[in-house]
Structure formats: structure tokens, C-alpha cells
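Peer 1: Sequence:
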Amino acid sequence: MAAEIISPSPLNEQDPIDPAFALHRGGKMEITATVPVRDADDLSLAYTPGVARVCTAIAENPELVNDYTWKSNVVAVVTDGTAVLGLGDIGPEASLPVMEGKAILFKQFGGVDAVPIALATTDVDEIVETVVRLAPSFGGVNLEDISAPRCFEIERRLQAALDIPIFHDDQHGTAVVTLAALRNAARLTDRTLADLRAVISGAGAAGIAIAKILVGAGIGDVVLCDRKGAVHVGRTDLTDVKREIAELTNRGGLSGSLADVLAGADVFIGVSGGTVPEEAVATMAKNCFIFAMANPTPEVHPEIAHRYAAVVATGRSDFPNQINNVLAFPGIFAGALQVRASRITEGMKIAAADALAELVGDDLSAAQVIPSPFDARVAPAVTRAVAAAARAEGVARR
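When the sequence shown is numbered by the numbering used here, its final residue is 398 and no position is left out of the sequence of numbers.
Rather than coming from a laboratory, the hints here were simulated on the basis of the structure.
The reader is advised that the hints may include incorrect statements.
Unchecked claim - Below 27 Å or equal to it, Euclidean Cα-Cα: the simulated BS3-like pairs (lysine-lysine) are:
1) K107 / K28
2) K71 / K28
3) K242 / K228
4) K242 / K212
5) K212 / K228
6) K212 / K286
7) K71 / K107
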């Protein structure tokens, strides 16, 4: 269900101001200088004529742009406003508060500068062309709130065209944090990923990315479900993206509805919305895990999930084990930018997930399989892991 959009209260003494509107008034960001301009000498260095010497040096050696501008530590947060949080296709202007929020999370949690860019087009070719033309100003691009299936093609084409990290957080951020939580849930119950069969409700951006990272990390099996049931190679109605994921998943060849394939499953991962009937949840394996991440209403309410599951996670902050992308994307970009990576690989994502999982350490419990976003160790640990993985995989340039 789409979230209700509330208009601001009139600004008078009788009507209280909604605190959300009060916080957002004037925007949540500003640009500040890192050098002073106090006098003519400062001005001549920061701007003309001193800046010309730096421009000339970059023209002769373009790689110097990373040393003498902010490019190596700034990310473009790009959206077309078609899949914004629980609001859906609300357009580029209405998406800006979310993009600003994303940008301040980059800065607060990863020390990375980010610029919101909301595009007045939903055409794939136009989005790709626009971002390619903007790319000289940025060290990376975070695609945000772009609807599926266009998001897959946009990310693929941008990564092919550019030699900077392209990261669709709705896909990969969710996948990284989910893998981290699942690793710890398995450890808590003396199992490994290889022992688990997972069912994912939702074969959109997040569901497909989660399936891919779980396969890459060595899960026993994973079955994706869309509106028509289990995704498998025998279906003739699959999109190219779903057909590709069908080749990698559902090794057991299961078919039927979500309820059918949920029977005996060790893991439920919800990224679709809707409600899973309790009678279907009851058929899952003993000591199962339920990650019901739809917002604001989880696919399985935690009160029901706890009747059957050893570990329960949601996408909400008011329940334990929140699967929150802010645990991943600031550190992933910080690590990639630190080594000037040309792209973000699956190995870098898995390294980020492993770093998150390890941070829980001896605090591991059913109510804590993932660290808090406010744990100051999170971004540095993810940054180190991602930078090391980039070097190991040969995509680092320093």
C-alpha cells in the first residue's frame, strides 16, 4: 500500500508544523568550501590565475583530476523518480527529499560527498546518455529508486560505458545486508549457507540481486517467486532477466505457488509486499529464518514469524534485525573510491557482507544477526574489505 502523502500545515500559531516538514524546509544539504577565500592571494590560488595551472596539468594528464578536484570522493545519486520508497512513481521533483537523504547518509556514514540528480526522463537511452555525459564530474554513480526492469539495463549499459563504479543500491545494497544477516543466522544455528534452501518472494530488482549474491556465496539452493509462482527454466513467460536468473537458481526444479515452494524451506526472504498466510509459514523447516522486508507492512508480521522461526528480520527500525542499506552503500563506495576502482564486483559485495557479519562477533543472538547502522565500526570495516577485494580482483587503480 502506498504511503499517505501529507500536505504541510498552514504556517500559523494555531496549527502545529509537521516535524518532517520543519526538518526539510530549505533542504537538508548545502555545499561548503574546503579552502578559505579571505583575500586577493587566496582568490588568485582558488580561482584565476592559479587555477589555470591546475587545469593545464589535468589537460596534459587527465588522471590528475582525481588528485586535484573532488571527483575521487564524490558520487552522483541518480534517479528518475519511478520507484521511490513505498510511494512508487512520483516523479523527479518529489524524489528529491529522498535523494538528499541518501546523500547525507553517504556523508555521515561513509565520509563520501554525494550530489542528488533527479532526471526528467524515464527513457533508458536518455538516462544512460545523460549519466555518461555527467560522468567526468563524479567518481561513482549510485542509481536509486529506478523501477524494474529498466534498472537492470541502465546499470549494465552504464557500467559498460564508464570506468567508474556504478551501483544500483535497491539491488545490491539490499543483497549485501541480507547475505550478512543470513550468514550470522546460519552461524547461530550451527549451519552454513550450503545447508540452506531459500525462497525469495519478489523477482524484481532486490529479489534478483539477492538471489545472485546468495548463489555466489554458496547457498544450497534458492527459489525466486514472482506473481505467477516459482521461477524455473521450464516457464515460457520469463523476461530475459528472469530467464538468466532461472539458469542460476532453483536447482531442485520446483514449480508452483509461493506456498508450494515454501514447504520445507529453511529461509524466507520477502522483498515484494503482500501477506504470506500463516499456514504457509507453518510448513517451513524447523529453525527456519524469516526475513520479511517489505515496508511498512512485512510479508510476515514478526509476531507470527516468531512462532516458527529461529531468526526474524524486517526492513523496519522498530523491530530487531533491520535489513538497512545504510549498512552497506557508504562503505562500499568509500572502499571503491579509495582505490579508484573501475567497477564494483560481486567479490567486493560479498566481501562487504562478510565484513558486516563479522562485526557482530560475540554479540550474536537471535535479536542481533546484523550490526546497528550507528555502530561506528561499520563503514570503516566495509571500506577496508571492499578496497582489499578490489585489489585482489584487479579492478583497483591505486
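Peer 1: The structure should be examined with respect to each hint, and the outcome stated for every one.
Peer 2: Here is what the structure says about each hint:
1. K107 / K28: holds, 12 Å
2. K71 / K28: With Cα atoms ~22 Å apart, K71 and K28 stay inside 27 Å; holds.
3. K242 / K228: With a Cα-Cα distance of about 12 Å, the restraint between K242 and K228 holds, given a limit of 27 Å.
4. K242 / K212: Distance ~11 Å between K242 and K212 Cα, so the pair holds.
5. K212 / K228: holds, 20 Å
6. K212 / K286: Since the Cα atoms of K212 and K286 sit roughly 25 Å apart, the hinted pair holds (cutoff 27 Å).
7. K71 / K107: The given pair, whose Cα atoms are some 15 Å apart, holds under the 27 Å limit.
Every hint from the earlier list agrees with this structure, and none is contradicted.
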